[in-house]
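Undergrad: The hints should help you fit chain B onto chain A, whose structure is shown.
Protein sequence lines, in the order shown, are assigned to chains A and B.
For the record, in the first sequence the residue sitting at position 26 is 26 according to the numbering used here, with numbers rising by one throughout.
For the record, in the second sequence the residue sitting at position 112 is 644 according to the numbering used here, with numbers rising by one throughout.
Be aware that one or more of the hints could be misleading.
[Said to hold, decoys possible] Below, computed lysine to any residue pairings styled on SDA-like, alpha-carbon distance capped at 25 Å:
| id | chain 1 | residue 1 | chain 2 | residue 2 |
| --- | --- | --- | --- | --- |
| 1 | A | K408 | B | D549 |
| 2 | A | K363 | A | F36 |
| 3 | A | K420 | B | G565 |
[Unchecked claim] Derived list of chain A stretches under chain B, where covered just means 3 residues or more per stretch with a C-beta under 8 Å from a C-beta of chain B:
| id | segment |
| --- | --- |
| 4 | 95-102 |
| 5 | 211-225 |
| 6 | 301-307 |
None of these hints come from the bench; they were simulated from the model.
Predicted model only: the values in this text are computed from it and were never measured.
C-beta: ideal position from N, C-alpha, C; glycine also.
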Amino acid sequence: MTDQFTRSKIPIKPVYTPEDIKDFDNEKKLGSPGSFPYTRGIRPAGAWTWIQRELSGEGDPKTSNEQLKYLISQGQTGIDVIADAPSMALLDPDHPLGVNAVGTQGVSICCLQDFRDLWKDLPLDSLTISNSIPAIFTAAALYLVAKENSVSAQKLRGSVIQAPFFAEDCGYATHMPFKLRLRLACDSIEFCTKKMPKFHAFVEDTYFFSEAGLNAIEEMALGFIEIRHVVRDLLKRGLDIDSFAPRIAILVNCSMDFFEEIAKIRATRRLFARMMKAEFGAQDRRSWAPVITCHTSGLSLTAQQPFNNIVRGAIQSLALVLAGVQALEISAFDEAFRTPSPESHMVGLRTQQIVGLETNVTKVVDPLGGSYYLEALTDEVEKRIWDMIMDIESKGDPAELSDKGFFKKFFDDVMARYAKEIADGVLPKVGLNCLQIPDEEDTLLKEVAETKIEPCWDHIESIKKYKNKRDPQKIKIVLQQCYQSAKAEGENLTYPIIKALEAGATIGEISGVMRMAYNYPYDPHGMLEPII
Amino acid sequence: MDQHEVGAVAVSRLLRDAGMEIIYLGRFNTPAGIVKTSIEEDADAIGLSCHSWEYLHYVPELLKMLNDQRLNIPVVIGGSVITPGDSDKLKDMGVAAVFGPSTTNDELVESIQQLVS
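Next up, chain A with everything else stripped away, as it sits in the complex (with noise of 0.2 Å):
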């Protein structure tokens, strides 16, 4: 017996030998790089790289437009950019609730032209626009802003998150029923699938959720609870499996467990490869293969001596290198205090660049596959995340359990679990539970770490008079026709949202007239009066 664990609590033994996977079936479990079922990657063997970005947005559209040009400018190959809390819980900046937080942790986003100035003088053709931004109206504006541009909406490439179970209940609430949540998500993946079919419509985001101090196992298996979910009632719409499958994506998270996390990513791609095959009946093989991005775990960083955060978003960057992933955003050292300062953004950027031009990891395509550990690890780690699925849904259709607060409970434990292991020491953390230093002796990079950015004041003036100044008349007419589709089941929402926008409503707008079609408030907090 052993007394070393994993992360998520995988028994690990000092050595491994090829006892350890004598019954290992190359061809079933590993395949070639680029072939079923993808443990070894999606793609065929040869030179790679991944999408290189950081996690950007601050203040209002403009200055994060600022903000993405000098990073694309310092070698960023893709954007990724999250709005601040008032605009993902689906408010506008001059909701009383939310004017204290305009701008300070992403970008005020909240109206088509936010969204023009976001993305102003961007290569929309070409670069890979990811958003962290509520999805169904993302993609709306997008679609919308790539037509002013006089680029095909074909061309598109990039992501939105959907999120419809767990950001309710560990993330950015939008206080809507579940139904309409998954209504969002399905209507935007079906719209985006039509129109936008290079555009990764449904990326499942695991990270979020997990940072409520999930371990990997935890982690993926509500992720493919979330994924399973959405994908049935996709297809209960009538949607061909092939025709959506290859544009999912899985946004995962990386903690400090090196091995645990690379066998994590490998054990989700065969997972996801046998699932869509054998289980949805998906042919092409597009289908079979998930495209893995990644956000280094915010979770694992300290406040104490922030220049330790440096290094670990170093391994961890390194881990997902080696575990072949198509996209990647480092932690900004300066997590634990505020949105990415530019110091910070810089260095994960750099940091990324360092793996990739100076390592040579990238000249061998999984370069760690045949490991006895990795093999064994991955796949125990497989079998694990499948028995947790099956556990959970066979507790009851996840849209329930939702409902009935399950998994908020779920979160609540995993959270006090968490504060209890770094309590105890049984997850040792540099500066924080062990090696600290004293407060004052604490100085290095503080500095930075520890300079604010005010609210944007000026930005919710701005749209307290582009409120003003539209034609209210208007506004109340495409305002109704979104409350009336979100009445009419079937209905698909994307299309009075795209008129809506384009005729000068906002989110927040939007979002209460459907909330009051599933005869939820208008404003959930009780501060607003219904428009129309």
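TA: Just chain B, lined up with the frame of chain A:
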């Protein structure tokens, strides 16, 4: 608007396990809502958790409301985003205790117990 909750949940459970009665309000609260609940529940102390800078705006508002209503309920606040400089300012404003990322569990429990005794 801050959605980060790991710290708040962990501290709630820690204090509950130390024998205190905890009314956890979850995310998305306003100073007015917190004051109202504190009166209804006859709270001995108010604990705030923050991972965004909104506390800089809401703490003065909360303290003023408590003061206006002549409620003598100590307010404590915790979060890694609070800098030493902010911590001093908060205390000057009337916040009873500020907990940073290096506060140990024992210090936290002891400090709250002293405040409410």
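Undergrad: If you draw a straight line from the CA of K420(A) to the CA of G565(B), is it 25 Å or shorter?
TA: Judged against 25 Å, a Cα distance of about 30 Å means the pair is violated.
Undergrad: Go check the segment 211-225 of chain A versus chain B for me, would you? Three or more residues, Cβ under 8 Å, otherwise it fails.
TA: It holds: at least three residues are needed, and the segment 211-225 of chain A offers 3 whose Cβ sits within less than 8 Å of chain B.
Undergrad: Mind checking, does the segment 95-102 of chain A have 3 or more residues with a CB under 8 Å from chain B?
TA: holds (count 4)
Undergrad: For the pair supplied as a hint, K408(A) and D549(B), is the alpha-carbon distance within the 25 Å limit?
TA: Roughly 20 Å separates the two Cα atoms, so the pair holds.
Undergrad: Using C-beta distances, would you say chain B covers the segment 301-307 of chain A, given that this needs three or more residues below 8 Å?
TA: Since 3 is at least three, the answer is holds.
Undergrad: Below or equal to 25 Å on CA atoms is what counts here, so check K363(A) against F36(A).
TA: Roughly 22 Å between the alpha carbons, so the hint for K363(A) and F36(A) holds.
The earlier numbered hint that this structure contradicts is number 3, and it is the only one.
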